[in-house]
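Listed here are the chains, written in short residue letters.
There are 2 protein chains.
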Amino acid sequence: MIRISERGKEITLSPIRKLAPLAEAAQRKGVHVHFLNIGQPDIPTPEIALNAVKNADLKVLEYSHSAGNLSFRTKLVEYYSKFSIGLSTEDIIITSGGSEAILIGFLVCLNPGDEVLVPEPFYANYISFAKAASASIKTIPTKIEDNFALPPISTFENYISDKTKAIMLCNPGNPTGKIYSRDELEQLKNLVKKHDMFLFADEVYREFCYDQAIPFSVMQLEGVEDNVILIDSISKRYSMCGARIGTLISRNKSVIETALKFAQARLSPPTYGQIAGEAALDVKQEYFDSVKNEYIKRRDILCEALSKMKGVVFSKPSGAFYIMAKLPVDSADKFCKWLLTDFRHNGETVMLAPGNGFYSTPGMGEQEVRMAYVLNQTALSKAMVCLEIALEQYPGKTL
Amino acid sequence: MIRISERGKEITLSPIRKLAPLAEAAQRKGVHVHFLNIGQPDIPTPEIALNAVKNADLKVLEYSHSAGNLSFRTKLVEYYSKFSIGLSTEDIIITSGGSEAILIGFLVCLNPGDEVLVPEPFYANYISFAKAASASIKTIPTKIEDNFALPPISTFENYISDKTKAIMLCNPGNPTGKIYSRDELEQLKNLVKKHDMFLFADEVYREFCYDQAIPFSVMQLEGVEDNVILIDSISKRYSMCGARIGTLISRNKSVIETALKFAQARLSPPTYGQIAGEAALDVKQEYFDSVKNEYIKRRDILCEALSKMKGVVFSKPSGAFYIMAKLPVDSADKFCKWLLTDFRHNGETVMLAPGNGFYSTPGMGEQEVRMAYVLNQTALSKAMVCLEIALEQYPGKTL
Chain A
6 MIRISERGKE ITLSPIRKLA PLAEAAQRKG VHVHFLNIGQ PDIPTPEIAL
56 NAVKNADLKV LEYSHSAGNL SFRTKLVEYY SKFSIGLSTE DIIITSGGSE
106 AILIGFLVCL NPGDEVLVPE PFYANYISFA KAASASIKTI PTKIEDNFAL
156 PPISTFENYI SDKTKAIMLC NPGNPTGKIY SRDELEQLKN LVKKHDMFLF
206 ADEVYREFCY DQAIPFSVMQ LEGVEDNVIL IDSISKRYSM CGARIGTLIS
256 RNKSVIETAL KFAQARLSPP TYGQIAGEAA LDVKQEYFDS VKNEYIKRRD
306 ILCEALSKMK GVVFSKPSGA FYIMAKLPVD SADKFCKWLL TDFRHNGETV
356 MLAPGNGFYS TPGMGEQEVR MAYVLNQTAL SKAMVCLEIA LEQYPGKTL
Chain B
6 MIRISERGKE ITLSPIRKLA PLAEAAQRKG VHVHFLNIGQ PDIPTPEIAL
56 NAVKNADLKV LEYSHSAGNL SFRTKLVEYY SKFSIGLSTE DIIITSGGSE
106 AILIGFLVCL NPGDEVLVPE PFYANYISFA KAASASIKTI PTKIEDNFAL
156 PPISTFENYI SDKTKAIMLC NPGNPTGKIY SRDELEQLKN LVKKHDMFLF
206 ADEVYREFCY DQAIPFSVMQ LEGVEDNVIL IDSISKRYSM CGARIGTLIS
256 RNKSVIETAL KFAQARLSPP TYGQIAGEAA LDVKQEYFDS VKNEYIKRRD
306 ILCEALSKMK GVVFSKPSGA FYIMAKLPVD SADKFCKWLL TDFRHNGETV
356 MLAPGNGFYS TPGMGEQEVR MAYVLNQTAL SKAMVCLEIA LEQYPGKTL
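Going down the list, the protein sequences come from chains A and B. All residue numbers in the first sequence are consecutive under my numbering, ending with 404. All residue numbers in the second sequence are consecutive under my numbering, ending with 404.
Honestly, the hints are just simulated from the structure, not real lab data. Do not take every clue at face value.
Chain copies aren't distinguished; within one or between two, either way the pair holds.
Said to hold, decoys possible - Below, simulated BS3-like cross-link-like pairs (lysine-lysine); rule was C-alpha separation at most 25 Å, straight line:
| # | residue 1 | residue 2 |
| --- | --- | --- |
| 1 | K23 | K198 |
| 2 | K80 | K315 |
| 3 | K168 | K14 |
| 4 | K59 | K80 |
| 5 | K313 | K387 |
| 6 | K59 | K387 |
| 7 | K168 | K313 |
| 8 | K148 | K87 |
| 9 | K168 | K321 |
| 10 | K331 | K80 |
| 11 | K34 | K198 |
| 12 | K87 | K199 |
| 13 | K289 | K59 |
| 14 | K64 | K194 |
| 15 | K302 | K168 |
| 16 | K87 | K59 |
| 17 | K297 | K34 |
| 18 | K64 | K313 |
| 19 | K87 | K143 |
| 20 | K387 | K315 |
Hey, can you work out the whole structure from these sequences and the hints?
Below you can see the structure in the form of structure tokens.
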């Protein structure tokens, strides 16, 4: 009998995909499903990016440099300088999405058996990338009732062992919408310095900070240049998830040199995606302003609707386009399934991501759901009507 | 002191990239370098593929299905049926190049410490993907003097231990140009069946088989459906290396199901590349015929030139677009460097890939070089003139 690997047996399905077959079944029955489960924005991709690809005059669709086109990296240096992040082109490796940046980062920094500390709830795919590197994710619980604030550093210390090689953050946070303060990051700085750990930060939602929040990047921390690795992506920033363009950024020469060897093994990042990504960097500030305004309106629709629903607890997001909510139900997992299999309101229902998929600690997040506000305002309002009525009708309601 | 991982320290630079700085230095001095070191074809990408991207009417550049667009996979089923390979769309996962297919395949099939048996010389990047999976490549030597024929199965048996989890082939071969016979593959079939091993075959050069050679795929082997994993790519097939589109194919449900979980973690393969790749499948047989004729002419230019050079041994390739040659020099590594740093003929020189980078056994391939015949016939002829004169002038010549 031929067998797959142990890591293959252990790897789990992404929580946002688990219920997909039920949603497809509902759609086949003619039900209109409002998809709030996945962070695929509906925002139009900037035309300047789409046109750059249309107008590209290629004869041979060649490999690019393994670190990505130099012209693209040069413009990225300029982009980051607007956020007071000083870089050189040699600090940047273009990857196939932020996903590949995380995977290569883990391969470069983690030995088999090493652990990465991540505040939970967290982006569940980090688990798969850690597993690919024969390492693992260890979580530090944060609570929806505390607006997902980081625990004090003394608590972090309790979770650190010989195996702890890195701390990883998503800032602004998926799934929480939480933005970490400069003060929180400065404390983590001291921690990673003290313990010789890497500090990974996934900052792909940088452009989506609301209510005058100013994003502070780990790259702005002084004195931990060798510890910090920035994961970035153009997927959400310019609504071009399909370009598959991300970046791995570090000022640690040995990290970049080694990451480049892994990058050379896989030859190069996608050429068309790079053309689109480079052109997108010319997008005007007005684009971000208008997209941000749109997300704020959507967030407010959700928050207003949720605040009227009895027994619902949520943390108002300051960034990204997700909201976690705790529902008065026996099990969010069962509730999310029931929404797809049983519930209908005017031929509609809503698809949510069960919250426990974003926690590793058993029992946490069992009543929580993640919603991505990536639909237009009308659809979101309808989705909230569905949710409100569903909470009243659900047989397993706890109120 | 913060440290990178052990695998990071061990990973080596691809042999085709090692001398790149020397080539760049030569170019800066105005030397015309004929690049035979890298398999980047100069063949124009089919216009039908480039136009499909130009004409794509996208508003939002979205994620695709994690296994790749269904329409693309449906057309791939049809493509493979022409080679008597019967598949369903569920057997196919579209990846970011053949590279990602190998990586995911290794992650799914190999445990840390496992070994993959590969006949050497071999495509050196397999080492990096194995290392990424905390596994390793173990090589079985084959010799240029024997036209790189596989050793008898009894020899394979000597290399198999408890750790051996898979055999991997590149067929037609990079760097050898060797095409394995049906008989050779049937013998390997019995071997992998006996030892419950996976059989990986990298068949990306399928369309480049010369002299009436008929490619026989591992997917045509009967009775080892659960063992066989096909790695494929459109990079060379349609001269679109920059599309970053490959495929992981298997009839083993558990392999595909697990591979899809890794594929879901990284979200999706590039959207533009898939559009180009799907359109390329409509390329007419005449395209391949004409490309094949061109490669045959190029191969013949190389073989004719090499056969006139005193002391040069080579194996005439039956497929792909590489040729290995053993040169009368003290060290091919030194010779390749010297070509870039010291040798000039009419302001020209030639860049070759040192052969030892394609062997793991210490001492093997020290006098060999790999040449990729990816330049036009005129350039190739000039490159051969350079090589012939260089072999006469090289201070470390052994003849």
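Results for each hint:
Taking identical chains as interchangeable, the C-alpha atoms of K23 and K198 are never at most 25 Å apart, the minima being 39 Å within one chain and 34 Å between chains. For the identical chains of this complex, K80 and K315 are neighbours neither inside a copy (49 Å) nor across copies (51 Å), given an alpha-carbon limit of 25 Å. In this assembly of identical chains, K168 and K14 lie within 25 Å of each other by CA distance both inside one copy and across copies; the values are 23 Å within and 18 Å between. For the homomeric pair K59 and K80, the shortest alpha-carbon distances inside one copy (20 Å) and between copies (24 Å) are both at most 25 Å.
Taking the closest pair of Cα atoms, K313 and K387 come within 25 Å of each other only inside a single copy of the chain (15 Å); across copies the shortest separation is 78 Å, beyond that limit. Taking the shortest Cα distances, K59 and K387 never come within 25 Å of each other, neither inside one copy (36 Å) nor across copies (37 Å). Taking CA atoms no more than 25 Å apart as the test, K168 paired with K313 passes in neither setting, with 45 Å inside one copy and 60 Å between copies. Taking identical chains as interchangeable, the C-alpha atoms of K148 and K87 are never at most 25 Å apart, the minima being 33 Å within one chain and 57 Å between chains.
Taking identical chains as interchangeable, the C-alpha atoms of K168 and K321 are never at most 25 Å apart, the minima being 35 Å within one chain and 52 Å between chains. With identical chains, the CA atoms of K331 and K80 are never at most 25 Å apart, being 42 Å at best within one copy and 45 Å at best between copies. In this homomeric assembly, K34 and K198 never come within 25 Å of each other (Cα to Cα): the closest approach is 56 Å inside a single copy and 45 Å across copies. In the homo-oligomer, the alpha carbons of K87 and K199 never lie at most 25 Å apart, since the shortest distance is 30 Å inside one protomer and 61 Å across protomers.
Proximity of K289 to K59 under the C-alpha cut-off of 25 Å is found in both arrangements, the shortest distances being 20 Å within a copy and 24 Å between copies. Neither within a single protomer nor between protomers do K64 and K194 lie at most 25 Å apart by alpha-carbon distance, with minima of 48 Å and 41 Å respectively. Taking the shortest alpha-carbon separations for K302 and K168, neither the intra-copy value of 44 Å nor the inter-copy value of 57 Å comes in at or below 25 Å. Proximity of K87 to K59 under the C-alpha cut-off of 25 Å is found in neither arrangement, the shortest distances being 28 Å within a copy and 32 Å between copies.
Taking identical chains as interchangeable, the C-alpha atoms of K297 and K34 are never at most 25 Å apart, the minima being 36 Å within one chain and 50 Å between chains. Taking identical chains as interchangeable, the C-alpha atoms of K64 and K313 are never at most 25 Å apart, the minima being 58 Å within one chain and 35 Å between chains. Taking identical chains as interchangeable, the C-alpha atoms of K87 and K143 are never at most 25 Å apart, the minima being 34 Å within one chain and 49 Å between chains. Within a single copy, K387 and K315 get their C-alpha atoms as close as 18 Å, which meets the 25 Å cut-off; across copies the closest is 80 Å, which misses it.
Hint check: violations occur at hints 1, 2, 6, 7, 8, 9, 10, 11, 12, 14, 15, 16, 17, 18, 19; the rest are consistent with the structure.
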